[in-house]
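Enquirer: Given these sequences and hints, build the entire structure.
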Amino acid sequence: AQKITQTQPGMFVQEKEAVTLDCTYDTSDPSYGLFWYKQPSSGEMIFLIYQGSYDQQNATEGRYSLNFQKARKSANLVISASQLGDSAMYFCAMREGFNDMRFGAGTRLTVKP
Amino acid sequence: GAVVSQHPSWVICKSGTSVKIECRSLDFQATTMFWYRQFPKQSLMLMATSNEGSKATYEQGVEKDKFLINHASLTLSTLTVTSAHPEDSSFYICSASSRDYPLFFGPGTRLTVL
Numbered sequence: 001a002q003k004i005t006q007t008q009p010g011m012f013v014q015e016k017e018a019v020t021l022d023c024t025y026d027t028s029d030p031s032y033g034l035f036w037y038k039q040p041s042s043g044e045m046i047f048l049i050y051q052g053s054y055d056q057q058n059a060t061e062g063r064y065s066l067n068f069q070k071a072r073k074s075a076n077l078v079i080s081a082s083q084l085g086d087s088a089m090y091f092c093a094m095r096e097g098f099n100d101m102r103f104g105a106g107t108r109l110t111v112k113p
Numbered sequence: 001g002a003v004v005s006q007h008p009s010w011v012i013c014k015s016g017t018s019v020k021i022e023c024r025s026l027d028f029q030a031t032t033m034f035w036y037r038q039f040p041k042q043s044l045m046l047m048a049t050s051n052e053g054s055k056a057t058y059e060q061g062v063e064k065d066k067f068l069i070n071h072a073s074l075t076l077s078t079l080t081v082t083s084a085h086p087e088d089s090s091f092y093i094c095s096a097s098s099r100d101y102p103l104f105f106g107p108g109t110r111l112t113v114l
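Protein sequences appear in the order of chains S and W.
Letter 110 of the first sequence, counting from 1, is numbered 110 in the numbering used here, and no numbers are missing.
Letter 17 of the second sequence, counting from 1, is numbered 17 in the numbering used here, and no numbers are missing.
Worth flagging that the hints you see were computed from the coordinates, not collected in a lab.
Check each hint, because a few of them may be wrong.
[To be verified] If you want a taste of the chain S side facing chain W, the calculated C-beta under 8 Å gives, among others: (1) 40; (2) 43; (3) 95; (4) 103.
[Unchecked claim] Here chain S is said to cover these stretches of chain W; the calculated rule only asks that three of the stretch's residues, wherever they fall, bring their Cβ under 8 Å from a Cβ of chain S: (5) 81-95; (6) 103-111.
None of the values given here were measured: they were computed from a predicted structure.
Using N, Cα and C, we set each Cβ at its ideal position, and we do this for glycine too.
Expert: Take a look at the structure:
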């Protein structure tokens, strides 16, 4: 069963504006981690941000913030002040305990000048 | 963050040959390594989980005799694609983990089978 869902195959955003990439997940494990990765055309998986299931506050890392709504099982990524270099594939992922990491289908973000 | 390396970064081989891909954790001991495969325009799909000193656990649909995984030490895991065919052409990414670290990914290996 699909555990991570990204419903936006592609998104466009104007440079300097904010954009939200959606992610919902499904788990019965009380201990899990949610991650967002950026994958440019080089293929490298670049870690952006992490949210633990027991964290009380939403995670933030520079221009990235994670809108964690535990009851709704959503973990949306917000990128503020978009830059041209933000154009890439973005993957939401979940890790239950110390198990493997499962990925959503990804969202291709294009930043327009 | 921790560094995970993969070698080679890309490889082209003839159909029927075997290809070995190395994954190394450079600055921490990885008790577990994961191997993923990513076809063009798709997401990462887990192939197998390898724990140091024990047999790998393969995901459903992944042939263990075709994709040989060896995790002989806490810093090295290898994936060997045996008798490669064009349909095995893909981007292979490893990740390394221990109980003290989150998952860190290698830079990936792009395999092209002619």
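Enquirer: Hint by hint, say whether it matches the structure.
Expert: Quick rundown of the hints versus the structure:
Violation of the interface hint for residue 40 of chain S is found here, the shortest Cβ-Cβ separation to chain W being roughly 11 Å, above the 8 Å cut-off. Annotation: residue 43 of chain S was flagged as interfacial toward chain W, and the flag holds, the nearest CB pair being 5 Å apart, inside 8 Å. Proximity of residue 95 of chain S to chain W holds as hinted, the smallest CB-CB distance being about 7 Å (cut-off 8 Å). Annotation: residue 103 of chain S was flagged as interfacial toward chain W, and the flag holds, the nearest CB pair being 5 Å apart, inside 8 Å.
Chain S is given as covering the segment 81-95 of chain W, and this holds because 3 residues of the stretch bring a CB closer than 8 Å to a CB of that chain, at least three being needed. With 6 residues having a Cβ less than 8 Å from any Cβ of chain S, the segment 103-111 of chain W passes the three-residue criterion, so the hint holds.
Violation of the numbered hints given earlier is confined to hint 1; every other hint is satisfied by the structure.
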